[in-house]
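Note that the protein sequences, when read in sequence, are chains A and B. For what it's worth, the working numbering labels the leading residue of the first sequence as 1, then goes sequentially. For what it's worth, the working numbering labels the leading residue of the second sequence as 1, then goes sequentially.
Just so you know, the hints here were simulated from the structure itself, not pulled from any lab data. Accuracy of the hints is not assured; some may be wrong.
FRET-style restraints, in silico, Cβ to Cβ [to be verified]:
hint : chain 1 : residue 1 : chain 2 : residue 2 : range
1    : A       : G56       : B       : T153      : 56 to 64 Å
2    : B       : T134      : A       : T134      : 53 to 61 Å
3    : B       : P109      : A       : T49       : 32 to 40 Å
4    : B       : G115      : A       : T102      : 25 to 33 Å
Given the structure is predicted, the values throughout are model-derived calculations rather than measurements. The C-beta atom is built at its ideal place from N, Cα and C for all residues, glycine as well.
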Amino acid sequence: MLSLAGPGAAATITTQVTANNVKPLIIAKIQDLDLGSVVLGPGAWSNATVSISQAGVLNCANANLTCTGATAVAQYNVQGSKQQAVRISAPSVTLVNQNDSTKTLTLTTDAPTSIVLANSGFPGSNFSVGGSVTLNSTTAAGTYVGTFNVTVDY
Amino acid sequence: MKGLARVRGATAMLAFVATPALAVSPATQATATARIFKPLTISRVQDLDFGTIVLTGASFSNEVLSISQAGTLTCGSNPGVLLTCTGSPQPAKYKLIGTNNATVTVSSPGFNMTGPSTLAFTPDAPATVNLGATGSTTGVTFAIGGSITLASTTPDGVYTGTFLVTADYQ
């Protein structure tokens, strides 16, 4: 709203300001991601992918791979303001061979870009992060472990 | 000037509200784990051999002839009386090559030895084998023993059978 008056009179200008008050975001890890065990097939081959979806479905459909063991997606819990959209950032993760730190695998993450919080504060909303790695016949054996760098904001 | 000052103040407040919220991280991030194994191969090194057994006793049953994984032969409950064992007994041996230090489960189901009759063979195999530090190169060899049960009425002759050994990563 803008009010104007003649010369000599005081001029007043007002501007409406809207502030969207939201609760601070809280994020906590619920569980780790596990791709299980993968046995590489014989011979020379490349670009075989093993992945786990956000829903926890393992895809190991490659003749050169045999996947066994229990698998799991990473899960986080977010608490904040109800009905607020929360952006999720889940960059790729470098997995390091625990027997030889020079050997690494890149986990390309599969995460939702955002979620809408179902409630205010506790219990918040959960989201899952899956991912995929690409393997070759030359991939070194061993246990590969990496740490996510997941962040959220409004 | 008052009006200008108020406008500037309002603009400053808007700019403050428009500043993006800081990204929030969890106190503890999730980890991601994948266990990669090289192909596992198993090959026969040597066959099991009980040697030669003479059914010495006149009348007996349920005499167990066994050979351990270490190759120790047990010639029944009363060696030289009910059973007499000679020859060069040896356990079966297999070689595993795969991932260094990986633990492998071994499966060796029972089977029948056939000849003049049938003898049920009960294997004595390790449940697991660790491939050790040279598992991907020289691998590791493990042994399988086993046992059969004999009676004075067991038809004499040569009995043979074939193992069905498999191995898999744990």
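Consistency of the hints with the structure:
For G56 of chain A and T153 of chain B, the Cβ-Cβ distance of about 60 Å falls inside the hinted range of 56 to 64 Å, so the restraint holds. Distance hint check for T134 of chain B and T134 of chain A: the Cβ-Cβ separation is about 28 Å, which falls outside the suggested range of 53 to 61 Å. Checked against the hint of 32 to 40 Å, the pair P109 of chain B and T49 of chain A passes, with Cβ atoms roughly 35 Å apart. Here the CB-CB span from G115 of chain B to T102 of chain A is close to 57 Å, at odds with the stated 25 to 33 Å.
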